[in-house]
Amino acid sequence: MYKIVDRATVGLNLELYEVEAPRIAKSRQCGQFAIVRPFDHSERIPLTIAAVDKDKGTITFIAQIVGKTTREMSTLNVGDYMCDVAGPLGHPSEIIKYPQVESGKDPVVVVVGGGLGTAVVYPQAVALKESGNTIVSIVGARSKELLLMTDKLGEVSREVICTTNDGSAGRQGFVTEALKDLIEELKGKGSVVAVYTAGPVIMMKAVCDVTRPYGIKTIVSLNPIMVDGTGMCGGCRVTINGETKFACVDGPEFDGHSVDFDELMARLSTYRDKEQEKLKSYEHKHECRMFKQLDENGNK
Amino acid sequence: MAELTKKERVAIPAQQMPERPGNERNKDFKEVNLGLSQEQAVLEASRCLQCKNPPCVSDCPVSVNIPEFIRLISERKFIEAALLIRRDNSLPAITGRVCPQEKQCQSRCLRGKIDSSVAIGWLERFAADYLAAAQAAGEVSAETMAAKSDAIKVAVVGSGPAGLACAGELARMGYAVTVFEAFHKAGGVLVYGIPEFRLPNDIVEREVQQLKSNGVVFETNVIVGRTVKIHELMEEEHFKAVFIANGAGLPSFMGITGENLKGVYSANEYLTRSNLMGAFDRNSDTPITAGKKVCVVGGGNTAMDAVRTSIRLGSEQSHLVYRRDLAQMPARIEEVHHAEQEGVIFDLLTSPIEILADENGWVSGIKCVKMQLKEADASGRQGVTQIPNSEFIIECDQVIMAIGIKANPLLTAATPELNLNAKGYIQTDATGMTSIPGVFAGGDIVRGAATVILAMGDGKKTAESMNNWLSANA
Ligand SMILES: Cc1cc2nc3c(=O)[nH]c(=O)nc-3n(C[C@H](O)[C@H](O)[C@H](O)COP(=O)(O)OP(=O)(O)OC[C@H]3O[C@@H](n4cnc5c(N)ncnc54)[C@H](O)[C@@H]3O)c2cc1C
Ligand SMILES: Cc1cc2nc3c(=O)[nH]c(=O)nc-3n(C[C@H](O)[C@H](O)[C@H](O)COP(=O)(O)OP(=O)(O)OC[C@H]3O[C@@H](n4cnc5c(N)ncnc54)[C@H](O)[C@@H]3O)c2cc1C
Ligand code: SF4
Ligand code: SF4
Ligand code: FES
Numbered sequence: 007m008y009k010i011v012d013r014a015t016v017g018l019n020l021e022l023y024e025v026e027a028p029r030i031a032k033s034r035q036c037g038q039f040a041i042v043r044p045f046d047h048s049e050r051i052p053l054t055i056a057a058v059d060k061d062k063g064t065i066t067f068i069a070q071i072v073g074k075t076t077r078e079m080s081t082l083n084v085g086d087y088m089c090d091v092a093g094p095l096g097h098p099s100e101i102i103k104y105p106q107v108e109s110g111k112d113p114v115v116v117v118v119g120g121g122l123g124t125a126v127v128y129p130q131a132v133a134l135k136e137s138g139n140t141i142v143s144i145v146g147a148r149s150k151e152l153l154l155m156t157d158k159l160g161e162v163s164r165e166v167i168c169t170t171n172d173g174s175a176g177r178q179g180f181v182t183e184a185l186k187d188l189i190e191e192l193k194g195k196g197s198v199v200a201v202y203t204a205g206p207v208i209m210m211k212a213v214c215d216v217t218r219p220y221g222i223k224t225i226v227s228l229n230p231i232m233v234d235g236t237g238m239c240g241g242c243r244v245t246i247n248g249e250t251k252f253a254c255v256d257g258p259e260f261d262g263h264s265v266d267f268d269e270l271m272a273r274l275s276t277y278r279d280k281e282q283e284k285l286k287s288y289e290h291k292h293e294c295r296m297f298k299q300l301d302e303n304g305n306k
Numbered sequence: 008m009a010e011l012t013k014k015e016r017v018a019i020p021a022q023q024m025p026e027r028p029g030n031e032r033n034k035d036f037k038e039v040n041l042g043l044s045q046e047q048a049v050l051e052a053s054r055c056l057q058c059k060n061p062p063c064v065s066d067c068p069v070s071v072n073i074p075e076f077i078r079l080i081s082e083r084k085f086i087e088a089a090l091l092i093r094r095d096n097s098l099p100a101i102t103g104r105v106c107p108q109e110k111q112c113q114s115r116c117l118r119g120k121i122d123s124s125v126a127i128g129w130l131e132r133f134a135a136d137y138l139a140a141a142q143a144a145g146e147v148s149a150e151t152m153a154a155k156s157d158a159i160k161v162a163v164v165g166s167g168p169a170g171l172a173c174a175g176e177l178a179r180m181g182y183a184v185t186v187f188e189a190f191h192k193a194g195g196v197l198v199y200g201i202p203e204f205r206l207p208n209d210i211v212e213r214e215v216q217q218l219k220s221n222g223v224v225f226e227t228n229v230i231v232g233r234t235v236k237i238h239e240l241m242e243e244e245h246f247k248a249v250f251i252a253n254g255a256g257l258p259s260f261m262g263i264t265g266e267n268l269k270g271v272y273s274a275n276e277y278l279t280r281s282n283l284m285g286a287f288d289r290n291s292d293t294p295i296t297a298g299k300k301v302c303v304v305g306g307g308n309t310a311m312d313a314v315r316t317s318i319r320l321g322s323e324q325s326h327l328v329y330r331r332d333l334a335q336m337p338a339r340i341e342e343v344h345h346a347e348q349e350g351v352i353f354d355l356l357t358s359p360i361e362i363l364a365d366e367n368g369w370v371s372g373i374k375c376v377k378m379q380l381k382e383a384d385a386s387g388r389q390g391v392t393q394i395p396n397s398e399f400i401i402e403c404d405q406v407i408m409a410i411g412i413k414a415n416p417l418l419t420a421a422t423p424e425l426n427l428n429a430k431g432y433i434q435t436d437a438t439g440m441t442s443i444p445g446v447f448a449g450g451d452i453v454r455g456a457a458t459v460i461l462a463m464g465d466g467k468k469t470a471e472s473m474n475n476w477l478s479a480n481a
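If you read the sequences in order, they're chains C and F.
Counting from 7, one number per residue, gives the positions in the first sequence under the numbering used here.
Counting from 8, one number per residue, gives the positions in the second sequence under the numbering used here.
FYI, nobody ran anything at the bench for these hints, they're computed from the structure.
Ideal placement from N, C-alpha and C gives every residue a C-beta, glycine not left out.
Check each hint, because a few of them may be wrong.
Computed spacing ranges between beta-carbons, pair by pair [said to hold, decoys possible]: (1) 271/C x 398/F: 29 to 39 Å; (2) 352/F x 86/C: 44 to 54 Å; (3) 206/C x 25/F: 49 to 59 Å.
Please work from the sequences and hints to get the whole structure.
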């Protein structure tokens with residue numbers, strides 16, 4: 007059992023959990039994830055370890071409420087326990103000091119986070135900064151309430167560029183437009199040497215399309231459906247350069263220009279109907295319970 | 008019962024295991040075999056000829072004292088029989104259910120020369136279940152012990168049959184044993200692979216509880232190599248010896264077109280979703296897709312378990328596609344029979360070459376070729392060749408690949424000091440010790456995919472080696 011020591015809502019449907027897991031806190035490296043089962047009846051869901059506190063022996067997740075498990079998990083509070091937390095899993099991020107490509111000018115590493123993917127790129131930005139790189143962050147979301155961690159990213163970035171689809175904050179439009187402009191702008195001024203991106207598959211695919219013509223190394227963090235997270239089931243397989251890889255052990259980060267994104271998107275939809283059914287029936291039960299409680303309170 | 012004459016023994020017919028009818032049991036996940044009654048067990052036991060040089064014992068990988076335990080059953084000393092088996096085999100309720108008896112203890116049984124072999128596995132199961140029931144009813148006190156506070160710490164990695172057997176043995180010797188398991192539940196293949204209808208998880212849980220009451224500590228959710236490394240266990244947590252029994256769980260795929268379509272599973276994933284995560288129950292949080300027409304590729308126990316699971320999940324047609332013939336199938340005979348009774352369609356001498364998709368990216372069929380057997384090679388194994396122009400399509404909406412497993416490199420890659428063979432399995436010396444002093448290994452990660460009893464035997468034997476090594480070195 008893994009005790010929750012801190013808990014916050016950090017955005018619309020974005021929930022933060024700091025959990026006691028000393029063994030994982032000690033061994034985790036940037037880019038790794040854990041498999042979580044909030045309750046004994048839950049499915050096993052992968053969540054990126056967004057931060058650790060080695061002294062306290064805690065790890066932090068930021069989970070977006072998308073389905074039954076993440077919804078039910080959000081009912082847990084400080085002092086409650088998560089049933090199972092196993093990790094750290096996956097390869098650590100490739101964190102290096104990128105060399106200069108234009109003499110005398112600092113090259114720039116760009117991290118691009120879409121929606122919840124920001125929670126994945128944030129620790130990468132921290133680690134890249136610590137390795138001596140100059141960082142520019144691009145954070146995108148549908149609207150203002152979904153923009154995540156811009157302040158935190160500001161602490162390690164030379165600049166944070168926000169984009170929203172509806173224009174409610176930052177620049178209106180997609181992260182890809184901001185990225186393309188940035189690449190053009192930095193030509194001859196240090197250049198963009200690498201891009202790290204995480205977010206919706208469709209966004210990561212678009213980011214790769216932007217960087218491909220420039221030959222800029224682009225690392226994507228893939229999120230296929232997982233079960234064990236240890237290479238045992240093969241459910242998380244993705245095609246990289248025409249070869250099948252297991253994202254949980256060979257990834258989850260890959261060279262974005264080699265990924266078959268269309269296949270990944272198709273596979274992610276395998277259980278869509280079942281998942282929606284489950285969420286509906288959970289919310290229905292939940293509401294009934296709430297109404298019952300209201301009734302009871304009202305009758306008092 | 009008075010001593011029977013040989014003639015009287017020979018006159019007793021073989022007893023049949025009561026089982027639920029095929030078309031009833033193929034709709035749920037409850038156990039297929041119901042277990043022998045006491046009367047049946049006594050009769051079956053009385054069929055044993057009590058051979059002086061019993062081949063059955065030499066064909067059992069852990070040399071269970073078969074004639075003796077069978078004699079005890081024939082004398083209705085059921086508990087004594089179970090305790091006797093347990094001296095050589097710590098998991099008889101499990102092996103009695105899943106050992107390939109027809110290839111092991113029962114293969115050369117001398118009674119088989121007269122009519123049919125003594126049902127050693129069924130008797131083993133009977134005695135073990137009898138003991139467990141007696142313990143549950145408080146008629147026999149379950150053994151409990153706890154390691155002394157100054158006991159030497161030893162670690163076991165993995166809680167499959169090898170790990171469980173080793174932990175039990177080491178605890179009995181007085182060591183403070185901790186079992187580290189990557190999953191949230193202990194039992195290895197016994198809980199995530201083999202389905203309920205063949206081996207109920209409660210039976211595995213019973214063994215785990217027994218170990219716990221003997222002082223063995225289970226730490227689940229610990230992926231050794233990731234959560235903690237072996238040298239950290241030894242240097243920082245003061246485990247004086249380690250037994251690695253992490254199994255061989257890395258599913259193979261064929262490498263044919265279409266294997267990543269929606270609706271294609273490895274048997275490992277399919278069985279894990281169903282068994283470990285309980286997806287066979289519609290109310291489970293873990294989803295599984297239940298195909299209408301299912302093709303399972305392979306011919307081993309895993310394939311048989313997957314295809315029988317698919318029937319229980321409500322398929323209209325379940326095919327087993329196997330490239331050799333029935334006689335070459337590695338699965339237990341009993342499972343093959345059970346699968347036939349439950350309505351599985353066997354497509355033998357058939358090999359898939361491509362998986363086909365519908366317009367939404369779901370599986371719509373598999374393209375296969377027919378195969379023919381070749382002359383047996385020196386090892387006696389018959390290869391197969393493709394029959395030219397024999398392509399045909401089996402329509403289906405789900406494909407499950409059960410073509411074998413390989414060594415999972417997660418732990419070994421994180422432990423570069425371990426010597427591996429060319430296929431990635433851990434190399435050990437005659438005592439079971441690896442290239443790291445004090446670190447031992449056994450089960451599937453050393454042998455490649457094998458059997459429950461061989462894994463268990465490794466666990467037990469290696470516990471003795473560990474004891475010897477610790478006496479000399481710790
Ligand atoms: C390596 C990795 C890291 C991740 N990190 C984070 C993170 O830090 N924060 C976060 O909010 N989300 C993260 N995810 C996604 C997260 O696992 C899913 O949102 C979660 O499983 C949804 O569960 P649910 O029951 O609430 O929703 P469901 O209704 O079950 O599913 C909604 C959608 O989530 C995806 N999904 C469902 N089950 C799984 C599964 N077992 N494994 C992976 N994806 C699944 C599918 O696309 C599905 O359509 C990560 C995924 C991966 C693979
Ligand atoms: C579907 C199926 C059906 C089978 N049917 C039969 C049968 O009828 N009869 C028979 O005799 N044999 C059968 N077998 C084979 C038999 O189950 C195996 O040979 C046996 O389980 C091997 O035991 P083991 O202890 O070596 O490993 P496993 O049972 O594989 O257990 C290994 C354990 O280690 C854990 N682990 C892995 N990596 C780590 C790590 N890094 N850290 C911590 N823990 C880890 C795993 O989660 C697992 O729990 C079957 C196998 C399968 C897959
Ligand atoms: S352990 Fe297996 S092989 Fe040995 S006697 Fe029991 S059933 Fe037979
Ligand atoms: S070989 Fe058969 S008949 Fe002989 S002792 Fe063994 S079980 Fe009994
Ligand atoms: S999640 Fe099972 S192999 Fe990756």
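How the hints compare with the structure:
1. Against the hinted window of 29 to 39 Å, the Cβ-Cβ separation of residue 271/C and residue 398/F comes to about 31 Å, which satisfies the hint.
2. One distance hint, 44 to 54 Å for the beta-carbon pair residue 352/F and residue 86/C, holds here, with the actual separation near 50 Å.
3. Look at residue 206/C against residue 25/F: about 56 Å separates their beta carbons, and that is inside 49 to 59 Å.
Taken one by one, the earlier hints all hold for this structure without exception.
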